[in-house]
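Colleague: Letter by letter, the chains look like this.
2 protein chains.
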Amino acid sequence: MSEFDRFLEANEAFISGFTEGDLPLPPSRHVAVVACMDARLHPTSALGIALGESHIIRNAGGRITDDTIRSLVISQQLLETREIVVLHHTDCGMLSFTNDELVSIVNKELHQDVHNHDFLPFSNLEQSVIDDVNQLAKSPLILPGTPISGAIYDVKTGHVSEILRK
Amino acid sequence: MSEFDRFLEANEAFISGFTEGDLPLPPSRHVAVVACMDARLHPTSALGIALGESHIIRNAGGRITDDTIRSLVISQQLLETREIVVLHHTDCGMLSFTNDELVSIVNKELHQDVHNHDFLPFSNLEQSVIDDVNQLAKSPLILPGTPISGAIYDVKTGHVSEILRK
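Chains A and B are the protein sequences, given in the same order. Residue numbers 0 to 165, in numbering that gives the first Met the number 0, belong to the letters of the first sequence in order. Residue numbers 0 to 165, in numbering that gives the first Met the number 0, belong to the letters of the second sequence in order.
Watch out, some of these pointers could steer you wrong.
Copies of the same chain are indistinguishable here, so a pair counts whether it falls within one copy or spans any two.
Keeping only pairs whose Cα atoms sit at most 35 angstroms apart, straight-line, the calculated DSBU-like set for lysine-lysine is [as the list claims (entries may be wrong)]:
1. K165 to K107
2. K107 to K137
3. K155 to K137
4. K107 to K155
5. K165 to K137
Bear in mind the hints are in silico, worked out from the structure with no lab data behind them.
Could you build the full structure based on these sequences and the hints that come with them?
Modeller: Now the structure itself:
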């Protein structure tokens with residue numbers, strides 16, 4: 000049985016209790032969260048986000064990339080969000096490799112040359128949050144004056160620690 | 000009170016019931032989900048995903064971009080995922096604008112010229128899922144033979160409908 004089949008089966012149980020079919024498209028709390036894709040982090044649970052309340056953008060590391068900015072422009076300019084929270088976490092996979100190492104793995108496993116790719120690993124977790132918040136704060140495509148916060152989720156305790164606010 | 004403050008407050012309640020501090024880094028179900036950032040979609044709830052089970056990548060539309068591929072390479076090559084599910088949804092914001100319209104809005108609101116940006120809107124929801132699954136299937140950076148499925152979540156009913164499998 001594929002995981003997709005298991006998802007479809009689990010969805011049958013989900014819809015039997017579904018009562019939130021009339022929510023508006025713009026997030027009701029006017030906030031967008033940028034978080035890591037990590038399996039041990041469910042931003043909705045950890046931050047108390049109910050259905051309809053917040054955009055949630057996720058990628059490897061919770062990094063700010065061209066695609067994150069694309070999503071945030073749509074979020075702010077079309078869907079009325081006015082605050083951004085960046086959420087990285089302890090024991091992140093991005094702390095465990097360098098670009099050179101991943102280039103070498105991709106070359107061996109997929110026979111592809113990706114030496115010109117930046118996979119955006121980092122060696123200092125707190126600094127990665129600071130860097131990403133600062134990158135958002137200086138982006139000309141983010142609404143001036145947007146409150147932007149950065150935090151770290153501890154996968155061992157579930158605790159979210161504030162790192163900085165802009 | 001900022002939304003970030005409300006998140007920190009909600010996190011206090013979350014950690015009081017937290018018992019999952021010993022999960023391994025690789026997702027236990029070896030699957031990665033690519034989904035839209037929409038506030039009305041919580042992939043973990045809709046698909047029955049528990050903490051530790053699945054990578055979840057999200058952006059505007061749940062589209063396949065260079066950054067999605069970056070995340071999936073890390074997911075597959077370093078963290079052992081072997082299946083991908085693409086999840087778009089009804090009433091998506093990506094159905095509501097064209098690149099020209101958003102370029103015009105960004106020019107007016109932010110005084111920035113983004114005519115060379117593709118914000119990846121779509122006019123046909125089902126086709127957007129097919130396109131993104133096909134793009135993954137033909138990517139040289141995705142492991143050959145990876146099962147890739149595409150589905151649509153109905154924001155009115157919570158129901159997930161299969162569109163295609165590769």
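Colleague: Going back to the hint list, which numbers does this structure go against?
Modeller: none
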